[in-house]
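For the record, the sequence lines run as chains A and B.
At position 13 of the first sequence (counting the first as 1) the number is 13 in the numbering used here, and the numbers step up by one without a gap.
At position 65 of the second sequence (counting the first as 1) the number is 65 in the numbering used here, and the numbers step up by one without a gap.
Be aware that one or more of the hints could be misleading.
To be clear about the criterion: a stretch of chain B counts as covered by chain A if any three or more of its residues have a C-beta under 8 Å from a C-beta of chain A, and this derived list gives those stretches [unchecked claim]: (1) 63 to 76; (2) 107 to 116.
Computed, partial: chain A to chain B, Cβ under 8 Å [unchecked claim]: (3) GLN60; (4) PRO71; (5) ALA76; (6) LYS78.
Think of the hints as simulated: they come from the structure by calculation, not from any bench.
Owing to the predicted nature of the structure, the values given are computational and were not obtained by experimental measurement.
Note that CB positions come from ideal geometry on N, CA and C, so glycine has one too.
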Amino acid sequence: MSKSIKIKVKAREKNGIVQAKLLVKHPMESGLRKDKNGETIPIHHLTQLYAEYQGNTVFQADFGPGVAKDPFLAFAFKGKSGDEFLVKAVDTKQQTGEVKAVVK
Amino acid sequence: MKLTRRNFIVDLLKGSSFIALATSFPTMAFAKWNEKAFKAKQLKQALESKYGKQQIVDSGDILLKAPTIAENGAVVPIRVSTNIANTNNISLFVKDNPTPLIASLNFGETSIPEIQIRIRMAKTSEVIAIVEADGKLYQTKQLVKVTIGGCGG
Numbered sequence: 001m002s003k004s005i006k007i008k009v010k011a012r013e014k015n016g017i018v019q020a021k022l023l024v025k026h027p028m029e030s031g032l033r034k035d036k037n038g039e040t041i042p043i044h045h046l047t048q049l050y051a052e053y054q055g056n057t058v059f060q061a062d063f064g065p066g067v068a069k070d071p072f073l074a075f076a077f078k079g080k081s082g083d084e085f086l087v088k089a090v091d092t093k094q095q096t097g098e099v100k101a102v103v104k
Numbered sequence: 001m002k003l004t005r006r007n008f009i010v011d012l013l014k015g016s017s018f019i020a021l022a023t024s025f026p027t028m029a030f031a032k033w034n035e036k037a038f039k040a041k042q043l044k045q046a047l048e049s050k051y052g053k054q055q056i057v058d059s060g061d062i063l064l065k066a067p068t069i070a071e072n073g074a075v076v077p078i079r080v081s082t083n084i085a086n087t088n089n090i091s092l093f094v095k096d097n098p099t100p101l102i103a104s105l106n107f108g109e110t111s112i113p114e115i116q117i118r119i120r121m122a123k124t125s126e127v128i129a130i131v132e133a134d135g136k137l138y139q140t141k142q143l144v145k146v147t148i149g150g151c152g153g
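My request is simple: use the sequences and hints to build the entire structure.
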């Protein structure tokens, strides 16, 4: 595993439901863009991401190249404040990223 | 090399192990990424690789919130939520993108079927949200007008 992917997480509990917001730093190259010399920039995007809460996968996402650069993602699950949860991501170059966050 | 039965079987084994290596994922915790569906160039192919020939029913219980006009196709905010019980997957398709399947989002038993995501759109197109619940498929569509395309080229 080479360079790791940076993930930012914010999670807040309200009435037993945790709202999680993620921001992943990633170029999400679609493989269609060309650089200034007319060379195609090779495809490089996130493929999968998942969130684990108390040993259960509460959310899992598969991405294609059509997700915008530096992906933003919001999702929700049943949980409570003070608990820890984990987010992992992997891209087409098999680089991975991992972040632990505490629900506010 | 002469094509004997032994050589043929050895070749066969080499070939199959290569395929297994190419498709296996390094991290075991991740389920397999549906490469065929994500690389499909047409909506019909993408739908077939993902769902097979299963019928998709139009539903009013899916709330798809997308801008009617997106100035910048590189970043189009989308919000999807649904009232359909036992939703385990929401997938997003953009009909006229170079690869129509955008993202497939799976939910666990304790998650709320409600997501926000930012997507890319090459040009004006229909955005389709498909919900999978109890093995059945439901869909809803919205047209989004794009002023500047966001898929490069």
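To see whether the hints hold, each was checked on the structure:
| no. | hint | verdict |
| --- | --- | --- |
| 1 | 63 to 76 | holds (count 3) |
| 2 | 107 to 116 | holds (count 9) |
| 3 | GLN60 | holds, 4 Å |
| 4 | PRO71 | holds, 7 Å |
| 5 | ALA76 | holds, 4 Å |
| 6 | LYS78 | holds, 4 Å |
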